[in-house]
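Here's the letter readout for the chains.
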Amino acid sequence: RRGEMAKSTQLIDNEVFRAYATYAAVVLLKMMLMSTITAYFRVTRKAFVNPEDVASLGKGESAKKYLRTDSDVERVRRGHLNDLENIVPFVGIGLLYALSSPELSTALLHFRIFTGARILHTFAYLIPLPQPSRVLSWAVGYSVTLSMAYKVLKTAWLL
Amino acid sequence: RRGEMAKSTQLIDNEVFRAYATYAAVVLLKMMLMSTITAYFRVTRKAFVNPEDVASLGKGESAKKYLRTDSDVERVRRGHLNDLENIVPFVGIGLLYALSSPELSTALLHFRIFTGARILHTFAYLIPLPQPSRVLSWAVGYSVTLSMAYKVLKTAWLL
Amino acid sequence: RRGEMAKSTQLIDNEVFRAYATYAAVVLLKMMLMSTITAYFRVTRKAFVNPEDVASLGKGESAKKYLRTDSDVERVRRGHLNDLENIVPFVGIGLLYALSSPELSTALLHFRIFTGARILHTFAYLIPLPQPSRVLSWAVGYSVTLSMAYKVLKTAWLL
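Residue numbers (my numbering), protein chains in the order written: chain A, 1 to 159; chain B, 1 to 159; chain C, 1 to 159.
Looking at chain A on its own, in the form it has when it is part of the complex:
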C-alpha cells in the first residue's frame, strides 16, 4: 500500500526533478507575464486589434482610430513569441533531461543559466538594451537547451 501511495509523489521527491519543476514553472510564469505586459501597453497606448475591444471607447468611427498597431505593443509581442520559440523546447527537452539521471549540480547549472539568460533576454528586448545583449542572451539559452538535448539523446537513443 505504501508503494501505491508513493506512486504520484516519487518523481517530485527526486531532487533533479524538483529543480526542473521549479525552473520550468519560473520560466513559464515569466512567459505568461508577457501577456499581461502586452495588455498593459494595449490599454495605455490605446492600440487594439479587435473591433469589439474598442466598443467601449466611443461610437462608430470615433472608436476605429484605436484599431492600430503600436511599436511598444509589437515589441512585447515579438518578445512573447521569442519566449514561445525558446521556452517550449527548454520545458520539453528539460523534462526528458531531468529524467535522464544527470548530476544535480550539473542540472542546476543548466536550469539556472537558461532561466537567467531568458530573464536577461526579456530586459534586453523590452528596454531595449543595445545589441549584442539580446542576441547573446538568446544564444546562451539556446546553447543550454542544445546541451540538455545532447544528454537526452545520449541516454535515451532509440530511433
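Honestly, the hints are just simulated from the structure, not real lab data. Every value quoted in this text rests on a predicted model; they were computed, and no experiment measured them. A couple of the hints might just be wrong.
Which copy? The list can't say, so a pair holds if one copy fits it or any two copies do.
[Said to hold, decoys possible] Computed list of lysine-lysine pairs in DSSO-like fashion (alpha-carbon distance at most 27 Å, straight line):
| id | residue 1 | residue 2 |
| --- | --- | --- |
| 1 | Lys154 | Lys30 |
| 2 | Lys65 | Lys154 |
| 3 | Lys30 | Lys46 |
| 4 | Lys64 | Lys46 |
Given the structure of chain A, go ahead and fit chains B and C onto it with the hints provided.
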C-alpha cells in the same frame, strides 16, 4: 517482474494523472482544431499567403489576387496564437502540478475550470461575443494556471 | 536503497519512453533550427525588425532602410509558427501516449511517421515544393497526433 511491467503504467494508473492526461489532451485537441478552422476560412474566403497555394486557382496575375489577408482568417489566427500562449503554460505547469500530489477533487476543479474557460474563450473570439467575455474567459484560465504554479513551487521549490 | 536510486531512471529505462524521448528531442531540435535559419536570412537579406539590430549597419536614416520585411524571412517565420502549432501538441500528447503503455512497434510507427512528415513539411515550406506536398505532410503529422490522442483518451479517460 511485476514491478518491471508496471513501470510504464504506474503514472497512468494514478487518478490525478489520468485526469491531467484527459484534460491536457482535450485542450491540445481544441488548439489543433484552430489549424483546421484557419484552413477552412482560407479556402472559403480565398485568402492565402504562399504563392504555391494559389497556383491551382489561376495562371500568373489572375491567381495573385488571392494572396491577401482576410479579417476572419486573421481573427482565427489570433485565437490560435492566444491558445499557444495560454495552453502551453497549462500543459507544462499542469503536468508538474499533477505530480505534486494534489487532492483529486482540487485537481479536477482546476482542470475543468481551465478547459471550460478556454472553450468559452474560443467562442468569444470567433463569434465574436461582446467584451468583456473574451478578456474574462482569458483571465479565468490564466488564474487557474497561476494557482497550479503556486502549488508546484510550494511542493517542489529547489532553486 | 535500490528503489530510491532507481527512481529517476525508471521512466528512461522504459523502451517506449526512450523512443518518445528520442523523437521528441529530434523534432524540438528541428523546430529550434528554424530560429537559426530565420537569423541567417535576416543577416544575408539585411531585413531586420528592431532599430537596435541595425545600429551597427549605419548611422541614422541610412540604417533605417534595413528595417523591412523580406519574403524569405517571412516564409521561414511561417514555417516556424507552423512547427509550434503542430510540434507542441505532438510533444504534449506524445508524452501522455508514451505513458499509456502502447506496443513499442506501434509507438515507433507513430513517432517515426510524425518526425518524417514534419521534416518533409519543412523542406516543402522552405524550398518551396509545389502543393499539395506541404498540405499533405502537415495532414500526416496532424493525423498521427490525433491517433495518439485517441489512445490517450481511451486509456486515461477521467473527466
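Comparing the hints with the structure gives:
Taking the shortest Cα distances, Lys154 and Lys30 sit within 27 Å of each other only across copies (17 Å), while inside one copy they are farther apart (30 Å). In this homomeric assembly, Lys65 and Lys154 never come within 27 Å of each other (Cα to Cα): the closest approach is 56 Å inside a single copy and 46 Å across copies. For the homomeric pair Lys30 and Lys46, the shortest alpha-carbon distance inside one copy (24 Å) is at most 27 Å, but the shortest distance between copies (31 Å) is not. Taking identical chains as interchangeable, the C-alpha atoms of Lys64 and Lys46 lie at most 27 Å apart whether they share a chain (11 Å) or sit on different chains (26 Å).
Checked against the numbered hints given earlier, this structure breaks only hint 2.
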